[in-house]
Amino acid sequence: AQSVTQPDIHITVSEGASLELRCNYSYGATPYLFWYVQSPGQGLQLLLKYFSGDTLVQGIKGFEAEFKRSQSSFNLRKPSVHWSDAAEYFCAVGARNSASKIIFGSGTRLSIRP
Amino acid sequence: SQTIHQWPATLVQPVGSPLSLECTVEGTSNPNLYWYRQAAGRGLQLLFYSVGIGQISSEVPQNLSASRPQDRQFILSSKKLLLSDSGFYLCAWSPPGGVYGYTFGSGTRLTVV
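Top to bottom, those sequences are chains R and L. Reading the first sequence from the start, the letters are residues 560 to 673 in this note's numbering. Reading the second sequence from the start, the letters are residues 2 to 114 in this note's numbering.
Heads up, a few of these hints could be off.
Here are the computed lysine to aspartate or glutamate pairs in the DMTMM-like style, where the Cα-Cα straight-line distance is at most 20 Å [stated by the list, open to error]: (1) 660/R to 60/L; (2) 80/L to 60/L; (3) 608/R to 60/L; (4) 608/R to 625/R.
These aren't lab readings, by the way, just hints derived from the structure by calculation. Given the structure is predicted, the values throughout are model-derived calculations rather than measurements.
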């Protein structure tokens with residue numbers, strides 16, 4: 560069964576600084592990988608996804624993520640954060656042969672320092 | 002385009018009362034449907050998913066049940082709420098095959114008092 564770990568519960572970065580949120584997955588083959596963002600009291604919005612091909616994927620709001628098979632990682636990055644990026648970020652993994660279930664990490668809360 | 006509606010947005014219910022949360026999807030057919038719960042400060046826990054009318058899979062034994070009476074309608078229910086049922090409930094849908102990613106509703110904040 561697949562699983563996903565987000566080792567950082569809470570991260571604070573200064574506005575304009577770069578950001579990297581870590582995500583490690585466990586799966587016996589190449590998984591489907593996702594990053595979602597959740598603003599307080601809201602549903603989740605898909606930022607980006609990886610299925611195959613280029614291991615560097617671009618998403619909405621200036622985010623990107625890189626799939627590294629050797630490290631079982633799918634870290635989310637942004638070169639310069641904005642105050643509006645403060646939110647909860649969830650990494651998720653789906654198995655290619657599953658009954659369509661996606662497993663979510665426990666989330667990383669991002670705070671922005673003015 | 003496809004849209005997902007979830008209601009109510011907030012709900013305060015006494016312990017022992019029944020629950021019914023509804024989720025509907027528009028603009029697609031035969032979607033996969035999901036109910037997740039998010040406890041305060043915690044991740045998402047998959048409660049139920051459905052790949053078709055009347056087909057419900059339960060992930061976690063608990064005080065809740067789900068039903069799918071129509072193709073694009075997914076209902077989360079309880080006969081008697083517990084304090085531990087408090088949380089943020091999210092409905093989501095995906096195309097058949099599901100691994101293309103989910104689209105989430107805006108959620109229901111349930112407080113059991």
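Hints, verified against the model:
{"no.": "1", "hint": "660/R to 60/L", "in the structure": "holds, 10 Å"}
{"no.": "2", "hint": "80/L to 60/L", "in the structure": "holds, 19 Å"}
{"no.": "3", "hint": "608/R to 60/L", "in the structure": "violated, 24 Å"}
{"no.": "4", "hint": "608/R to 625/R", "in the structure": "holds, 10 Å"}
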